Structure formats: structure tokens, C-alpha cells
Amino acid sequence: MSAENVGSSGDAAALGGERPPPLPPRPSQIQSKSSPSTIVPERPNLSSKPTTAISSMNIQTLSFPDGSRGTFSTAGGENNNSQGTEQTPGAGAASMGFNSISNDIDESMSIMSLAPTLRPPGDLESLLVGDMSKKSPAWMLLHSQSAAVQPFETTRAEEGAILTDFAREFDDIPEPSETWSDDARLKLWKSKLKHFMILSSAGKPIYSRYGDLEMINSSMGVVQTIISFYQGAKNPLLGFYAANTRFVIVTQGPLYLVAISKLGESDYQLRAQLDALYMQILSTLTLPTLTNIFANRPSTDLRKPLQGTESLLSSLADSFTRGSPSALLGALECLRLRKSHRHAINNAFLKTKTDKLLYGLIVAGGRLVSVIRPRRHSLHPSDLQLIFNMLFESGGVKAGGGENWIPLCLPAFNNRGYLYMYVSFLDVDPESERDMSAAGEEIAIILISPDKESFFDLQHMRDDVVTELKKRGHLDIIKTAAKQGRPKMNEIAPGTHVSHFLFKSRANVQFCMPSLHPTFSNLISHRRLMSLYHNLHSTIHAKHTHVKVLHCVGEDTTSLAWITPIFEFYCVAGPNASRTVMTQGANKIMQWAKREEERLFIIGGGVF
Amino acid sequence: MADSNAPKPSSSVKLVLLGEAAVGKSSLVLRFVNNDFQENKEPTIGAAFLTQKCNLPTRTIKFEIWDTAGQERFASLAPMYYRNAQAALVVYDLTKPTSLIKAKHWVAELQRQASPGIVIALVGNKLDLTNDSESGQAESEGADGEESGDARKISTEEAKTYAEEEGLLFFETSAKTGHNVSEVFTAIANAIPETSLKSTRGPGASSAVNRGGDEQRVNLNGPREAAKEGCAC
Ligand SMILES: Nc1nc2c(ncn2[C@@H]2O[C@H](COP(=O)(O)OP(=O)(O)OP(=O)(O)O)[C@@H](O)[C@H]2O)c(=O)[nH]1
Ligand SMILES: [Mg+2]
Numbered sequence: 001m002s003a004e005n006v007g008s009s010g011d012a013a014a015l016g017g018e019r020p021p022p023l024p025p026r027p028s029q030i031q032s033k034s035s036p037s038t039i040v041p042e043r044p045n046l047s048s049k050p051t052t053a054i055s056s057m058n059i060q061t062l063s064f065p066d067g068s069r070g071t072f073s074t075a076g077g078e079n080n081n082s083q084g085t086e087q088t089p090g091a092g093a094a095s096m097g098f099n100s101i102s103n104d105i106d107e108s109m110s111i112m113s114l115a116p117t118l119r120p121p122g123d124l125e126s127l128l129v130g131d132m133s134k135k136s137p138a139w140m141l142l143h144s145q146s147a148a149v150q151p152f153e154t155t156r157a158e159e160g161a162i163l164t165d166f167a168r169e170f171d172d173i174p175e176p177s178e179t180w181s182d183d184a185r186l187k188l189w190k191s192k193l194k195h196f197m198i199l200s201s202a203g204k205p206i207y208s209r210y211g212d213l214e215m216i217n218s219s220m221g222v223v224q225t226i227i228s229f230y231q232g233a234k235n236p237l238l239g240f241y242a243a244n245t246r247f248v249i250v251t252q253g254p255l256y257l258v259a260i261s262k263l264g265e266s267d268y269q270l271r272a273q274l275d276a277l278y279m280q281i282l283s284t285l286t287l288p289t290l291t292n293i294f295a296n297r298p299s300t301d302l303r304k305p306l307q308g309t310e311s312l313l314s315s316l317a318d319s320f321t322r323g324s325p326s327a328l329l330g331a332l333e334c335l336r337l338r339k340s341h342r343h344a345i346n347n348a349f350l351k352t353k354t355d356k357l358l359y360g361l362i363v364a365g366g367r368l369v370s371v372i373r374p375r376r377h378s379l380h381p382s383d384l385q386l387i388f389n390m391l392f393e394s395g396g397v398k399a400g401g402g403e404n405w406i407p408l409c410l411p412a413f414n415n416r417g418y419l420y421m422y423v424s425f426l427d428v429d430p431e432s433e434r435d436m437s438a439a440g441e442e443i444a445i446i447l448i449s450p451d452k453e454s455f456f457d458l459q460h461m462r463d464d465v466v467t468e469l470k471k472r473g474h475l476d477i478i479k480t481a482a483k484q485g486r487p488k489m490n491e492i493a494p495g496t497h498v499s500h501f502l503f504k505s506r507a508n509v510q511f512c513m514p515s516l517h518p519t520f521s522n523l524i525s526h527r528r529l530m531s532l533y534h535n536l537h538s539t540i541h542a543k544h545t546h547v548k549v550l551h552c553v554g555e556d557t558t559s560l561a562w563i564t565p566i567f568e569f570y571c572v573a574g575p576n577a578s579r580t581v582m583t584q585g586a587n588k589i590m591q592w593a594k595r596e597e598e599r600l601f602i603i604g605g606g607v608f
Numbered sequence: 001m002a003d004s005n006a007p008k009p010s011s012s013v014k015l016v017l018l019g020e021a022a023v024g025k026s027s028l029v030l031r032f033v034n035n036d037f038q039e040n041k042e043p044t045i046g047a048a049f050l051t052q053k054c055n056l057p058t059r060t061i062k063f064e065i066w067d068t069a070g071q072e073r074f075a076s077l078a079p080m081y082y083r084n085a086q087a088a089l090v091v092y093d094l095t096k097p098t099s100l101i102k103a104k105h106w107v108a109e110l111q112r113q114a115s116p117g118i119v120i121a122l123v124g125n126k127l128d129l130t131n132d133s134e135s136g137q138a139e140s141e142g143a144d145g146e147e148s149g150d151a152r153k154i155s156t157e158e159a160k161t162y163a164e165e166e167g168l169l170f171f172e173t174s175a176k177t178g179h180n181v182s183e184v185f186t187a188i189a190n191a192i193p194e195t196s197l198k199s200t201r202g203p204g205a206s207s208a209v210n211r212g213g214d215e216q217r218v219n220l221n222g223p224r225e226a227a228k229e230g231c232a233c
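Going down the list, the sequences are from chains L and B.
Using UniProt numbering, the first residue of the first sequence is number 1, and each one after it goes up by one.
Using UniProt numbering, the first residue of the second sequence is number 1, and each one after it goes up by one.
Chain L with its partners taken away, still in its complex shape:
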């Protein structure tokens, strides 16, 4: 069930035995990572001792847990190309062995840079201590010249291989035809890096991201058999490996939800994704209805009652596959606005409130502008995730035009009943409809009520809000801010080599990040970045670790994670960024976030 010995590091060792001994490492290799794959067998010693091949991640982690040393040793190797699997002890983390090829320069570098972090740093500055002294001036010079290399610029071909077809990951499996035999279709299906499946405990297929249910029926049957075998043994199966593919299973009442991933997320992360799919099902049906359906007829085909939910499940699934900072952090992103503006917008919103209102949201470009809510109820991020997915990820509602009146259950608020959501996209007028959806800057007013008859009350409120916002020019302020997009790295921390970061304010359950443009704006580099974040996230959150700061030197990136009770912070730079560069960058960003806190985050929101 696990893949401890499946990784290709074993293969490399075998091959290596027939090869001449390795050449001494040369520093130039750091820059020219285009080195062909033949280099792999030339380093047999690496595969026998992958621990040394890796970044600070391992060393750091190793210094804290007791008894779990061995298990952690390969984690950083995975991180090198962002394809790691979960690092929990015993989870078979070595599966991605082919990643643990690194060159000796990297090793010495990472070990050096790690040493000071072995004591738990209370403050990021302390990471700096001792760093400089360990490096020769020549080394420093080399670094200062190459620190501008961007993350993933140096990724080697074979490491990026898993993502080469990523652009086609989201394409549907074609219908059977002369050009597409069943075998070819099945092969394509198997080549997908990520699958999500939902089936009933009676084995009836409910949902699969790819392939018509007929085509994948047998696969589902196998999955169901395996799961119920363990279920019968009163020892539910949570997950297993097949080669480098991780299967994770969540059982929710009468449903089995299965994630099958080659992307290297941790079990915890995959489980959170499956939970979100389950929440979507509850949002359509409510818990009592779901329970009743199966209590009355365990063999029910749930596809019928879920009709139309499939596209919502798929857009959720695809956002996980592309990589979603919001989903990873379980946090929301807000539109950056001056405090006084946000305050005025909140007040305008509150002023126009009808007593039918439960929650009111203004959203621009998929980011939250304002929230108003009853004092006793905050909005749960998982509920907001469902709303955002429906309105901004899956095209249906937005493309329809007009105003919408949507019954939905917000399971984290109350999984037993429906609420009614009024949605109006302000900028979708006939002419610009297409442009708007492309630009993703549309402003939506979302008003939620428990009263299904309250459409016209809420419509009235919307008109009032818009009038209020226009009166003081706030609508234009929102539009401008949405158009501007996320701040650029060089506006946040001028001169830094940090290329990207995620900053989550834990108390506010919100996060911010800089623009993905240009380094991470394409699908593949975005996924690499997200894989790296997933790795940092899972390592620093792994059970039994007390790590608060993680500095990680990989082949094509340097990264840093830092957690306190107040915030979570993750950042990424090119492979040659020194720890000094990283910590200085991180501190600058942190100062910026502190300074901008009330612009970046909605603190409290409008309460009535």
C-alpha cells in the first residue's frame, strides 16, 4: 500500500553501479541546470544517501521531532522540484525519489545555510546570525550576481516533465470515435495528474472529474471494493500509494470521496479538497435531504438530485488542480483599499440594509470589498469558497446576465436549510459582457436572506447601495482598485529578490499576495509555485514538528516559511538567493503587511 521503494532513486542507484565514478562537482552547475538526465546515474552516492541531497527543510525538520528522523530525510528532495508528498512519518514519503537528485554544491550550500536555524528562532532576524561567517567572499560574490535568477528558471527538463501536459490537464476525455479507441481514451484518462471521484457506499458512481461514468465504472468498482474491504474490517482506509500516485479517501455518511493525485499534496491538503466537494454537495441538497435519500434507498442514484452541481464540483476540482492559495490557506483575499474608503463603503452598505438581510457582500475581481453581517454570525471561509466558486469560477451565473436568485445551503452556517442569494454583477451590460468576464474585474453585489420571498427587497437594497456608492465616488474607487490588481513585488519591497509570497492573517482568516505576473502567470509556473507552497505548508504544519521557521534551498528555488500565532508567511525566491536575501526580503514584506494591515484585510467588517 505504500511506495517506499518505488521511487526512481532506487533505479538511479542500480544504473549508477554500472557507470564510472562521479566527477567532482563544479559550481557552474548551479546555473546551468539544463544538464542532461545522464547526470543522474553519475552520482550513485546520492541515491544511497538522499538525505544530504536536500535543503534545509530536512535538516530543520530533523532537529525537532523525536523518532521521526528517518522519515523526514527525503522530504526536502521532493521539495526541490515541488513534487513532494506528505511528510508525516510512516506515510512513505520516499516515493518521489527521482527528485532527490541534486548536486553537491546544493548540499553544502544548504547545510551551511541551515546551521543557525537549528535553534528555534523567536524572530526572523535571528536567522541571520552566523550566516555570513560561513561563506567565503567568493561564494557571496557568486550569489550576489546570480540571485536575480527567477524561481523555476533553472528547472531541469526531467523534473518539469510531470507538468509538460499540464495545459491539457483540464481537457475532457473525447467521446469514443475512430480516432479515439477505448484504449486511447483510458490511457488519456490515466495520464491526468489529478482525479476526483465521488461514489455512494453502495458503489454507485456519483461524480468523476474526467471520463463518462461508463468508462470509469470499473475503476470506481475497484475503489469501492478496496474501501469497503477496510470498512468491513472496522479499520477505514484513509489513503494509499500506487507508484507515485496518492489515493486519499474521505467517508462522509453514505458517500465516499476519493482524490487521486500525482501533484504531491499532503493527505491533509487533499482531504480539505474533498471536504470542499462534500460541502458543495450539501450546499445543493442539505444534510437532512442527503441523509434521507440514502436512508430510504441506499442504492439511490444521486446524480439526478445533484443535477447541475457537476459543473460546480468540476470548477472546484480544477481550482484545486491549478492550485488555489485561498483553498490552501483556508482564507479569503480582499481588495486592497484605503481604510477610510473601506469604512465609508461599509457604512453605505449598512445604511441601506433591509431587515430581510442576513449577509451582504461586495466583491470585485473575485476579492472581497466589504462584508456586513449580524453580530452573532461571521461568515465561514468554506461557505464563502462555495459562493465564490459558483459566481466567479464556474461561468454559469455570471454568463446568464441579469440578476440571480439562488437557493443554496451554506453548510458551515447551517447544513439543514436553504438560504437565498441575490446576485447582481454591476458591470455586465450587453456590450462589455465578454470583456468583463475575461478581465475578471467585475463587481458583484451579493445579498443573502433566509426569506425566499425577499428578492425584491434585496433588489431594492442593491439599487440603494449602488446609488450610495456612486454618490461619493466609491464605485469608481472600487473599480480602479480592482483594475489595478494585486500589488507588484517591487512596490511592496523594492529591490528584494523575493519573487512571490503568501501572507495569512490568522485572526482575520484572510490572506494577501502580490501579483503573479509575470513569473507565475502561466499555468505551469503557477502550479509549480503552488506545489512549492503546498510543500512548505505541509512541512511546517506536519504533526510532531515544532518548526516555526523553515528555510528551504532547492534546485530551482529558495523558499521560506514562517509561522506565528498571528500569521503564516511563505515566500519564494530564485535558487541562488542567500538566506540573508530571503530574510531581508521577508522582513521588508512583513513591515509592509503590518503597515498596510487595515488596507489589506477587512478587520471586523460592518456589523449590525
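No lab work stands behind these hints: they were computed from the structure.
Warning: the hint list may mix true and false statements.
[Claimed, not checked] Sample of chain B residues lacking proximity to chain L, with all beta carbon distances greater than 10 Å (derived):
hint, residue
1, Val-13
2, Thr-98
3, Arg-152
[What the hints assert, rightly or not] As a list, the in silico DSS-like pairs of lysine-lysine whose alpha-carbon atoms are at most 25 Å apart:
hint, chain 1, residue 1, chain 2, residue 2
4, L, Lys-304, B, Lys-41
5, L, Lys-588, L, Lys-488
6, B, Lys-14, L, Lys-452
7, L, Lys-304, B, Lys-104
8, B, Lys-14, L, Lys-304
[Claimed, not checked] A short, non-exhaustive set of chain B residues, derived as facing chain L with CB atoms under 10 Å:
hint, residue
9, Asp-36
10, Gln-38
11, Ala-48
12, Leu-50
13, Lys-53
14, Asp-67
15, Leu-77
16, Ser-182
None of these values were measured; they are calculated from a predicted model.
Built from N, CA and C at the ideal position, the CB exists for glycine as well.
Given the coordinates of chain L, assemble chain B with the ligands onto it according to the supplied hints.
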């Protein structure tokens, strides 16, 4: 309710679209309102509310349109949308026999439960998938026969006869080509009696509505439960 509507209530007409899922209700509305068509339109969730003016020689009618979701799970909400409607567009897909059966059910429900004077139009959509000369695609008929694909499953005759029996307006349309779409709305506008335009229906007009079937869903929705949770404010 009424006061939040258009400034000229006397000239506005509340119209509801009903019909099986995927017959093209939203596409007809999109054609009428935006003169646009989307090849792969996603199913409507809940309902969408749109407005569009229709100029008649003697007056302007502002349609207030409820485009409802055809999926079964939303059926219990339909009364909320048709209960005050002055007009209804009951749509079927003329390439899909079951959709006419569903349309007949809607007509019967409207006749039982909607306002007595409601103007109902029966609309067979997706005419472009047939070989009717009317939609300008008849040339290829004959030789390639099946190839050119007459997908029609419901004859004009059959639907028309039914419409006449029930006193409905009847049209065959294509939201894709736009054929006959504005004609439907114009015909409805003309069919609304002048008197009915002046009577504004307030929220009070919402007579006891019998919700079909899915009683449980409606109860769950009820303001009662959620309000207890939510609006103690
Ligand atoms: N060929 C053709 N396709 C059409 C026509 N009208 C709609 N369609 C297609 O039929 C599908 C369903 O159309 P919708 O307008 O979403 O149908 P609907 O009745 O609103 O469906 P629900 O909202 O689920 O009730 C879409 O893929 C449309 O592109 C038409 O006149 N001709
Ligand atoms: Mg529709």
C-alpha cells in the same frame, strides 16, 4: 414589492419562462435581451431576473422576465415566479419528445394555479436543428438525408393542435439563429389586455400558493428555521 419595480408599472409585464432543463429558456432570453447566443450555456441555478423593453406601435412594454431553472430540484420554487405573472413562455425542445410532455404539465399547472388571465405561449425551440425550409436550411434535404440530420421529433402539427385546444399562442423558434424570437415576445405583448396592464399586483396578491411535491425543501427553506439562527439582530 411593487414599489421597487419599474417607475412605469402600468406598462410593465411580468413574464415567466418554464420548461424542461436545457430546452433553451435562457438562450431565448439571451437572444431577446442581448441578441446573443452561447453554444454551451450552463444550466440556470435558481432563477435569473432580466428586463427588456418591447416597442409596440401604441405603447412600450417593459418585460420583467423570470428565467427559471428547468432542473427538477428547483421545481418547487416555480409558483413563486409564476404566481404574479401576466404572461408565461412554456418552452420545449422540438428535438426531444419528453420536453413537450413536461411543457404540457407546466401548462396544466399554470391553468390551475396562476392568475386566471395569464397569457401563455407554447414555444418549440431549436428549430435550426431541423430541415424546415422556414429556417432556411432545407436545401440539403433529400440526397444526404440522415447526414444533414433532421432532428425534429415533434411535428409542428402536433404541437399546434395542442396549443389551439388549450388556447395558447404557439411558435417555433431558434435561439441560435434568432428565428421567431422577438416575434414571440411581441405577440405576447400584444395579447396582454390593456386592463391587465393597469392593475398593479402588490405582494398581497400572492394568494395561497400550493407548492407541488417537494414540500420538505420548502419547509427547510422557510424563514422560520434560518431566521431563528440568522436574524436575531
Ligand atoms: N442548436 C440550438 N441549440 C440551442 C438553442 N437554444 C439553446 N440551445 C443550446 O441548448 C443548451 C441549453 O440551453 P439553455 O438556454 O441553457 O437551456 P435552459 O432551458 O435555460 O436550461 P436550464 O437553465 O437548465 O433550465 C445550450 O447548450 C444551448 O446552447 C437553439 O435554438 N438551437
Ligand atoms: Mg436556463
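For each hint, the structure was consulted:
1. Listed as outside the interface, Val-13 of chain B is consistent with that label: its C-beta sits roughly 16 Å from the nearest C-beta of chain L, beyond the 10 Å cut-off.
2. For Thr-98 of chain B, the requirement that its beta carbon stay farther than 10 Å from each beta carbon of chain L is met, with the minimum near 14 Å.
3. With a minimum CB-CB distance of about 23 Å to chain L, Arg-152 of chain B clears the 10 Å threshold, and the non-interface call stands.
4. Between Lys-304 of chain L and Lys-41 of chain B the alpha-carbon distance is near 19 Å, which keeps this suggested pair within the 25 Å criterion.
5. Between Lys-588 of chain L and Lys-488 of chain L, the direct Cα distance comes to roughly 14 Å. Compliance with the 25 Å bound is thereby established for this hinted pair.
6. Under the criterion of a C-alpha separation no larger than 25 Å, the hint pairing Lys-14 of chain B with Lys-452 of chain L is consistent with the structure, at around 18 Å.
7. At most 25 Å may separate the alpha-carbon atoms for a hinted pair to count; Lys-304 of chain L and Lys-104 of chain B meet this at roughly 22 Å.
8. A hinted pair counts as satisfied when its Cα atoms are at most 25 Å apart, and Lys-14 of chain B with Lys-304 of chain L does not qualify at roughly 31 Å.
9. A cut of 10 Å between beta carbons decides the hint on Asp-36 of chain B: the least distance to chain L is about 8 Å, and the hint holds.
10. A cut of 10 Å between beta carbons decides the hint on Gln-38 of chain B: the least distance to chain L is about 6 Å, and the hint holds.
11. A distance limit of 10 Å between C-beta atoms decides the matter here; for Ala-48 of chain B the minimum to chain L is near 5 Å, and the interface restraint holds.
12. The beta carbon of Leu-50 of chain B comes within 4 Å of a beta carbon in chain L, closer than 10 Å, and the hint placing it at the interface holds.
13. Proximity of Lys-53 of chain B to chain L is violated relative to the hint, the smallest CB-CB distance being about 13 Å (cut-off 10 Å).
14. Residue-level restraint check for Asp-67 of chain B holds (minimum Cβ-Cβ distance to chain L is 7 Å; threshold 10 Å).
15. At a threshold of 10 Å, the smallest CB-CB gap from Leu-77 of chain B to chain L is about 7 Å, leaving the interface hint in force.
16. Residue-level restraint check for Ser-182 of chain B is violated (minimum Cβ-Cβ distance to chain L is 15 Å; threshold 10 Å).
Going down the numbered hints, you'll see the structure goes against 8, 13 and 16, while the others check out.
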